[in-house]
Amino acid sequence: MFILDAIAEERIARAMGAGEFDDLPGAGKPLELEDDSLVPEELRVAYRILKNAGFVPPEVEALREAGALEAMIRKLSHGDARSKAIDRLNLLSARLAEGRPGARLHPAYLGRVLEKLDKA
77 MFILDAIAEE
87 RIARAMGAGE
97 FDDLPGAGKP
107 LELEDDSLVP
117 EELRVAYRIL
127 KNAGFVPPEV
137 EALREAGALE
147 AMIRKLSHGD
157 ARSKAIDRLN
167 LLSARLAEGR
177 PGARLHPAYL
187 GRVLEKLDKA
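Heads up: take any position in the sequence shown, counting from 1, add 76, and you land on the working numbering.
Everything labelled a hint here was simulated from the structure, so no lab data went into it. Be a bit skeptical, because a hint or two may be false.
[Claimed, not checked] Derived CB-CB ranges, DEER-like:
1. Ser159 - Arg124: 38 to 46 Å
2. Asp163 - Pro134: 15 to 23 Å
3. Val115 - Glu174: 21 to 29 Å
4. Ala170 - Lys192: 17 to 25 Å
5. Leu80 - Leu190: 23 to 31 Å
6. Arg164 - Ala89: 32 to 40 Å
7. Leu107 - Gly130: 20 to 28 Å
8. Asp99 - Ala170: 45 to 53 Å
[What the hints assert, rightly or not] Computed list of lysine-lysine pairs in BS3-like fashion (alpha-carbon distance at most 27 Å, straight line):
9. Lys105 - Lys151
10. Lys127 - Lys105
11. Lys127 - Lys160
Just so you know, even glycine gets a beta-carbon here, dropped at the ideal spot from N, CA and C.
Construct the entire structure; sequences and hints are all you get.
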């Protein structure tokens, strides 16, 4: 998978260098982050109300917590608190896998994260 990523990145960089992206519609304009055209019409008002009230889907909250746990694990030395944080990260990964398979922290990725955190 990394080879495909590297090839894609190299081709994108080459195209950018050749100016192939310069004349695209919307070039130089800010992204429209409030575009809800992909949300079904009957859900748009409800989603907007929840978003404005600060609510996010459980998957997003779990991913945020996973990021915070990764940062905390980097800072903790070997010990009970660190192993509890690693256990919590594994639990979040499993819960994400149950709810949305595409949102799961891939075991290989999780292993590499934990490896890097052990070295830190």
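We went through each hint and held it up to the structure:
Distance hint check for Ser159 and Arg124: the Cβ-Cβ separation is about 41 Å, which falls inside the suggested range of 38 to 46 Å. In this structure the hint that Asp163 and Pro134 lie 15 to 23 Å apart at CB holds, the actual value being about 19 Å. Val115 and Glu174 have their C-beta atoms about 24 Å apart, which keeps the hinted 21 to 29 Å range intact. Checked against the given bound of 17 to 25 Å, the beta carbons of Ala170 and Lys192, roughly 21 Å apart, stay inside it.
Against the hinted window of 23 to 31 Å, the Cβ-Cβ separation of Leu80 and Leu190 comes to about 25 Å, which satisfies the hint. Hint check: Arg164 to Ala89, Cβ distance near 38 Å, so the stated range 32 to 40 Å holds. Distance hint check for Leu107 and Gly130: the Cβ-Cβ separation is about 22 Å, which falls inside the suggested range of 20 to 28 Å. Taken as a hint, the range 45 to 53 Å holds for the pair Asp99 and Ala170, whose Cβ atoms sit roughly 46 Å apart.
Of the supplied pair hints, the one linking Lys105 and Lys151 is violated, its CA atoms being roughly 39 Å apart against a limit of 27 Å. This hinted pair checks out: Lys127 and Lys105 have alpha carbons roughly 24 Å apart, not beyond 27 Å. A C-alpha spacing of about 32 Å is found between Lys127 and Lys160, which places the hinted pair above 27 Å, so the restraint is violated.
Checked against the numbered hints given earlier, the structure breaks hints 9 and 11 and satisfies all the rest.
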